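> Could you put the whole structure together from the sequences, leaning on the hints where they help?
For the sequence shown, my numbering begins at 1 and goes up steadily by one.
Bear in mind the hints are in silico, worked out from the structure with no lab data behind them.
On a predicted model such as this, the values are computed, not experimentally measured, just so you know.
A couple of the hints might just be wrong.
Listed next, the in silico DSS-like pairs over lysine-lysine satisfying Cα-Cα at most 25 Å (straight line) [unchecked claim]:
id, residue 1, residue 2
1, Lys283, Lys263
2, Lys283, Lys16
3, Lys141, Lys153
4, Lys233, Lys16
The following label-pair restraints were derived from C-beta to C-beta distances [to be verified]:
id, residue 1, residue 2, range
5, Trp215, Arg168, 27 to 33 Å
6, Pro334, Arg284, 17 to 23 Å
7, Ala31, Val252, 55 to 61 Å
8, His309, Val252, 42 to 48 Å
9, Leu172, Met222, 39 to 45 Å
10, Glu304, Ala21, 54 to 60 Å
11, Arg219, Leu172, 45 to 51 Å
12, Asn296, Gln249, 16 to 22 Å
13, His309, Glu20, 54 to 60 Å
Just so it is clear, CB atoms sit at the ideal spot from N, CA and C, and this is done for glycine as well.
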Amino acid sequence: MAGDTSQERREPATQKRRDEARRRGQVFRSAELTGTFALLGGAAALIWGGGQALAALRGYFVSSLAAATPQGELTPAVCGGLLQGAAMAVIRCCLPVVAGAAALGLAVDAGQGGLVMTGVPLAPNLERINPAAGLKRIVSKRALVELAKALLKVTIVGLAAYFSVAPRIPELSRLPALAPQDAAAFTGSLVSQVVLRTVGALLFVAGADYAYQRWEHERSLMMTRDELKQELKETEGDPQLRGRIRQRQREVARRRMMAAVPKADVVVTNPTHYACALAYESKRMRAPRLVAKGRNHLALRIREIAREHRVPVVENPPLARALYAAVDVGEDVPPELYRAVAEVLAFVYRLRGKVA
1 MAGDTSQERR EPATQKRRDE ARRRGQVFRS AELTGTFALL GGAAALIWGG GQALAALRGY
61 FVSSLAAATP QGELTPAVCG GLLQGAAMAV IRCCLPVVAG AAALGLAVDA GQGGLVMTGV
121 PLAPNLERIN PAAGLKRIVS KRALVELAKA LLKVTIVGLA AYFSVAPRIP ELSRLPALAP
181 QDAAAFTGSL VSQVVLRTVG ALLFVAGADY AYQRWEHERS LMMTRDELKQ ELKETEGDPQ
241 LRGRIRQRQR EVARRRMMAA VPKADVVVTN PTHYACALAY ESKRMRAPRL VAKGRNHLAL
301 RIREIAREHR VPVVENPPLA RALYAAVDVG EDVPPELYRA VAEVLAFVYR LRGKVA
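Structural data, given as structure tokens:
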């Protein structure tokens with residue numbers, strides 16, 4: 001036989017466990033998916049706005065050089081001003097690319113696990129500087145998975161670059177002979193092709209990593225049977241205590257019900273298996289009311305109390321079974337039983353010499 005299965009993590013995580021993990025910053029995220037979409041956002045911004053950015057940068061340099069050196073002099077002060085302006089121009093050209101990458105990356109990251117603000121991961125933890133724990137992390141399954149992903153990404157990027165550049169090697173050999181505008185257009189086209197193929201290949205890796213990370217996250221949250229029982233005990237209370245409370249409530253309800261039997265007008269019986277006590281006050285009740293019911297031993301006790309207090313006991317098996325099945329204690333008799341109950345009450349009133 002295997003070990004105690006109650007100690008194996010086979011139970012799905014409860015909502016309470018998921019909430020606690022989220023408060024600790026343990027949420028499901030695929031860094032590969034976030035990074036790939038960030039690269040895709042930057043590449044899209046570069047492709048769509050790269051030509052305009054280069055044209056604007058070229059125009060800046062032309063206008064700056066023409067305005068700064070009317071007599072053809074390049075002093076250190078002039079060069080410093082040109083470099084500062086060029087740096088700002090480059091930043092403005094790169095800003096859309098960075099913004100596109102950041103926007104898409106943050107959107108995908110937030111879409112996976114939402115925004116979580118917690119300081120738990122920043123708390124001091126001596127386990128992080130424990131050499132044994134560090135060695136264990138190095139040779140862990142997660143480390144092997146990360147190594148496999150890294151090797152796969154390098155291979156995919158290399159193949160994407162190769163299949164993009166190899167067919168155009170003859171064109172690369174003629175690149176020095178091209179005009180600057182044509183060379184820039186060719187280089188931009190080649191870079192765009194390499195980037196798009198690389199991103200497309202990385203999306204495949206990101207999809208596989210997304211599935212793996214989701215499975216790993218769910219597996220890490222799974223609970224043992226003992227943990228599940230302990231959580232239920234903490235959230236809902238001790239099952240034995242709840243059982244005792246319910247038993248106490250049933251006893252109180254039963255005593256209250258038995259106390260109402262002496263005030264009943266009649267007890268309808270099966271005659272031995274069921275007993276239903278009915279009361280009716282025309283000024284206070286819209287219809288006869290079931291004040292007590294029971295079966296077997298409880299039915300016997302109801303009959304005994306009725307006889308002790310001289311409450312009439314009438315044998316009517318069909319009515320007794322119908323009342324027991326259809327009416328709860330404290331409820332009025334339903335309309336479909338009015339006629340049968342009225343006949344019983346009329347019989348009792350006649351016995352007592354009352355007028356209905």
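> Taking only the CA atoms, is the gap from Lys141 to Lys153 under or equal to 25 Å?
18 Å, holds
> For the pair Trp215 and Arg168, does the Cβ-Cβ distance stay inside 27 to 33 Å?
Violated - the Cβ-Cβ distance for Trp215 and Arg168, about 41 Å, lies outside 27 to 33 Å.
> Given the hint that Lys233 pairs with Lys16, does the C-alpha gap stay at or below 25 Å?
OK: Lys233 and Lys16 at ~13 Å, within 25 Å.
> Given a hint of 39 to 45 Å, does the C-beta separation of Leu172 and Met222 actually sit inside it?
The hinted range 39 to 45 Å is violated for Leu172 and Met222, with Cβ atoms some 54 Å apart.
> Can the suggested window of 54 to 60 Å be confirmed for the beta-carbon pair Glu304 and Ala21?
59 Å, holds
> Measuring from beta carbon to beta carbon, are His309 and Glu20 in 54 to 60 Å?
Once the Cβ atoms are compared, 58 Å apart, the range 54 to 60 Å for Glu20 and His309 holds.
> For a C-alpha distance cap of 25 Å, please report whether Lys283 and Lys16 respect it.
53 Å, violated
> Could you see if the CB distance from Asn296 to Gln249 stays within 16 to 22 Å?
Since the Cβ atoms of Asn296 and Gln249 sit about 21 Å apart, the hinted range of 16 to 22 Å holds.
> Please test the hint of 42 to 48 Å on the beta carbon pair from His309 and Val252.
Given a distance of about 21 Å, which is not inside 42 to 48 Å, the answer is violated.
> Measure nothing beyond the straight line between the CA atoms of Lys283 and Lys263; if it is 25 Å or shorter, mark the hint as holding.
16 Å, holds
> Does the Cβ-Cβ separation between Arg219 and Leu172 fall within 45 to 51 Å?
49 Å, holds
> Are Ala31 and Val252 spaced within 55 to 61 Å by their CB atoms?
59 Å, holds
Figure legend: structure checked against the earlier numbered hints; hints not met, in rising order: 2, 5, 8, 9.
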